[in-house]
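2 protein chains.
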Amino acid sequence: MSKDKDIIIIGCGAAGGTAAQFARKTDRKSSITIFEKDKYPQYSKCGLPYAISGKISNFYDLIEFSTEWFKKSKIDLFLETTVEKIDIENKIVIAKKGNAIIEKTYCSLILATGARPLIPPIKNIKKNNTLIGNIFTLRTMDDARKISSSINKGKNATIIGAGLIGLEMADSLYKKGMNVTVIEALPYILPNTLDKDMSNIVFKDISSNVKIFTNHIATKIEDHADIISEVSIKNNETGEEKNIGTDLLVIAAGLKPNISLAKDAGCEIGQTGHISVNRKCETSLKNIYAIGDCTELYDFYTKKSVPIGLGSIAVRQGIASGINAAGGNYILPDGVLQTSTSEFFGLEIAAVGSSVKGLPVVTGKFNGLSLPHYFPGGKPISIKVFVDEKTGKIIAAQAVGDRAAKRIDTFACAILGGMNVETFRKLETAYAPPIAPTLDAETLACDVVSIKLDRKR
Amino acid sequence: MSKDKDIIIIGCGAAGGTAAQFARKTDRKSSITIFEKDKYPQYSKCGLPYAISGKISNFYDLIEFSTEWFKKSKIDLFLETTVEKIDIENKIVIAKKGNAIIEKTYCSLILATGARPLIPPIKNIKKNNTLIGNIFTLRTMDDARKISSSINKGKNATIIGAGLIGLEMADSLYKKGMNVTVIEALPYILPNTLDKDMSNIVFKDISSNVKIFTNHIATKIEDHADIISEVSIKNNETGEEKNIGTDLLVIAAGLKPNISLAKDAGCEIGQTGHISVNRKCETSLKNIYAIGDCTELYDFYTKKSVPIGLGSIAVRQGIASGINAAGGNYILPDGVLQTSTSEFFGLEIAAVGSSVKGLPVVTGKFNGLSLPHYFPGGKPISIKVFVDEKTGKIIAAQAVGDRAAKRIDTFACAILGGMNVETFRKLETAYAPPIAPTLDAETLACDVVSIKLDRKR
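From first to last, the protein sequence lines are chains A and B.
Residue numbers for the first sequence follow my numbering, so the first one is 1 and each next one is one higher.
Residue numbers for the second sequence follow my numbering, so the first one is 1 and each next one is one higher.
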């Protein structure tokens, strides 16, 4: 075993675990070590809401690669092990498992330290620096298991945050028979994923299943014997306050990256407060890579820094960093597209591309059906596309409805290829009565943009 | 009404009807006339199998634009009217409705004369130049209604041709409770859509529902009182013969373009025997356009002539020709992609791109699941991608399984954008556990190609 190729990975989430896997594929001989503070090997964090709802019958099903798998792949996985320090000069990682200190040298180091939930400043939310009873975040397997075992303790659940995870949790708790209320500080749901008009389509569709307060923040918790009983919320605009009886509170208000190890080691921290990496997942320090939720890369179109908050990108960074740390050369695309999707209350949503706020864009929207009008069973599909006013290039798209994700993938391909809306609108999409109409909402939304662009010329 | 803009369209199928619609959108004032030999206004031919199966409850539901719609749009639609001659010199179309002769001058003429079913040379298939009882083609509404009313006359149906329409019909008749046999002359089913290995996946999936004889041709019909009773089939390789009891025979063995009017007028006929058109749908004759099943255009990648056999392209040609005939300027992409899809026995299939036979291509195939492994309900999805060995550009793709069509649309976009497989394999596809895995079969098939290309370098 040649010591000059030893790889250490800190974190065994989707990013870290994938990195180990691809490092091993690239180099069959190098020593690969993973330090993970959790007690489980690589599992799907994105799958947690579905284990809570019961769709996935067992939490352990979420484990994607078992400890046995890592052993067989000759990857040394240390669970329940916290890295205390990175000694850059001597290339040593110092970790702690129980009372034991582990020191290990590396040639390449991959930081996959992830992120932790952001706790909003709500009065009485903690006692002795711990969340009071039946208030949870959703980040780890154990978080999910705790939520799961609290479901039968009452009928009313409140969720803070109407982002993707907040609404996935709303659906899960609704499926478990709870009355669910969602509190969102911003004026509309899914503010990081959809525009207001697209968000409103989702709101209308799901608001019969779940009570949603947009423009509201949670201000205070009331408890009985250290168990939550009520949450006070306040209207951001009117200042009006209201109390909501709550037996279970889930906080899904965003993440904070775990960057202290990287910072202490001297890695450059970027504009969004995450570890700066390039297309090869290299940090500012030689032989140190960083991947996943602790990192930021730039947007494909605007070239502005964006935090990596998606499992799909984490996995791709895992591939790149694993290959590169093992001596290969894998370069990610020239920026991230941030293709994302989710499904709740039977409604699929998806989006791709840059945040276009402040950019000179022309938008086109089309509300149609997923099937020809004469064919029974067609479902609503709404597509909104964002086009650079000057170049005519597609820079973003949003979809709500049938097969939204795969429709958005086609836009992702167009953005990655730098495709002009005039080209895309003439795309021959696959047509058959039981599958899709002759002209899909995808291209029809682009026709709307074309007409607007023509008028401007 | 300015006579110098008068538009005549021959044929009111998807191509002709769409042309009229877009001509009217482009020019609110010009006179627009359609001559259609059928007795129905624009209806979906692709929907006919689903009206036979009962999925679409009424044949008339297939009518996409009613005679009232044409009237309201000030489009003169003559049904049951056959065009006898085009007088190029005087720009006159001479048509016949019943005993009446209609002469009409045009400024622009659009030929949307379609195609008719090819009848294979089978002994005794006709009497007095007419197909004998319970033998049908499937092209028109009346064909479909005749098939429909023959279904209850016996249990056994035979279909000649295992292309898209043949298998759609097989599914429809199976759903009506018939025992269905399909005869295909070529060695595997869907020979114009899929490669043999991809076709075999379909074969395995559907052969429990329908009996399929590949490599067989029908040679002879036996009848009782001019009603079919048996069809004799012969193995192309072994010469072995077999009789199949048949109460209903449907011929789905391809089409012959209706080009005699165009030919007589002097329009250039292309290499595939269809009317030659360019990207503006212009024929070789000034002010004469042709669109739909009677035409050929060139393939996007090979630039070789291909017949237009798809409703989706016909509609796009309808848009282009309608706009152009009315004085606009609409140019179709630089060749057709032939994106196609269908669904039978619950299985979705789709394909896009050039026929790659004889071309130096590298292929990659991936058989995966539509969802992450830990998520229940994932369905098989197989993707095969074809890449130019020299340039690395994606030139074709085939898919069988879950959301095959929308997956193929993404490849269609890549082909249209001239995308390299190295770029596409790094595409950020949308991921969420209930919707798609972190790495989709789309990009994983491309990884296979990349590895093969690397080895060749």
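FYI, nobody ran anything at the bench for these hints, they're computed from the structure.
Only a predicted model underlies this, so the values are computations on that prediction, with no experimental measurement involved.
There could be a bad hint or two in this list.
Same chains, same names: a pair is fine if it fits in one copy or spans any two.
As the list claims (entries may be wrong) - Taking lysine-lysine pairs in the DSBU-like style, the calculated list, with each CA pair at most 30 Å apart, reads: (1) Lys426 / Lys286; (2) Lys175 / Lys97; (3) Lys242 / Lys29; (4) Lys379 / Lys176; (5) Lys74 / Lys303; (6) Lys220 / Lys96; (7) Lys365 / Lys25; (8) Lys25 / Lys379; (9) Lys74 / Lys426; (10) Lys280 / Lys176; (11) Lys426 / Lys357; (12) Lys71 / Lys196; (13) Lys456 / Lys280; (14) Lys96 / Lys263.
task = Evaluate Lys379 and Lys176 at a C-alpha cut-off of 30 Å and name the case that applies: within, between, both or neither.
result = For Lys379 and Lys176, both the intra-copy (26 Å) and inter-copy (26 Å) Cα distances are at most 30 Å.
key: Within, between, both or neither: Lys96, Lys263 at alpha-carbon 30 Å   = Classified as within; 19 Å inside a copy, 85 Å across copies.
ask   = Between the shortest in-copy and the shortest cross-copy C-alpha distance, which are at most 30 Å for Lys74 and Lys426: within, between, both, or neither?
value = between (51 Å within a copy, 27 Å between copies)
Homomeric proximity label, Lys365 with Lys25: Cα distance no greater than 30 Å = Between copies, since 20 Å is at most 30 Å while 44 Å is not.
key: Homo-oligomer pair classification [Lys176, Lys280; C-alpha up to 30 Å]   = neither (43 Å within a copy, 58 Å between copies)
inquiry  = Regarding Lys456 and Lys280, is the shortest C-alpha distance of 30 Å or less found within a copy, between copies, in both, or in neither?
reply    = So Lys456 and Lys280 pass the 30 Å test across copies only (24 Å; inside, 41 Å).
Homomeric proximity label, Lys242 with Lys29: Cα distance no greater than 30 Å = neither (62 Å within a copy, 61 Å between copies)
key: Within, between, both or neither, where Lys175 and Lys97 count as close if Cα-Cα is 30 Å or less   = neither (39 Å within a copy, 63 Å between copies)
query = With identical chains treated as interchangeable, where does the CA-CA distance between Lys426 and Lys357 reach 30 Å or less: within a copy, between copies, both, or neither?
reply = both (27 Å within a copy, 26 Å between copies)
ask   = Between the shortest in-copy and the shortest cross-copy C-alpha distance, which are at most 30 Å for Lys71 and Lys196: within, between, both, or neither?
value = Close neither inside one copy (48 Å) nor across copies (40 Å); limit 30 Å.
query = For the identical chains here, do Lys426 and Lys286 meet the 30 Å Cα criterion within one copy, between copies, both, or neither?
reply = Only across copies: Lys426 and Lys286 sit 25 Å apart there, 47 Å inside one copy, limit 30 Å.
key: Within, between, both or neither, where Lys74 and Lys303 count as close if Cα-Cα is 30 Å or less   = Cα proximity of Lys74 and Lys303: none, with 39 Å in one copy and 51 Å across.
Comparing the model with each earlier hint shows violations of hints 2, 3, 5, 6, 10, 12; every other hint is respected.
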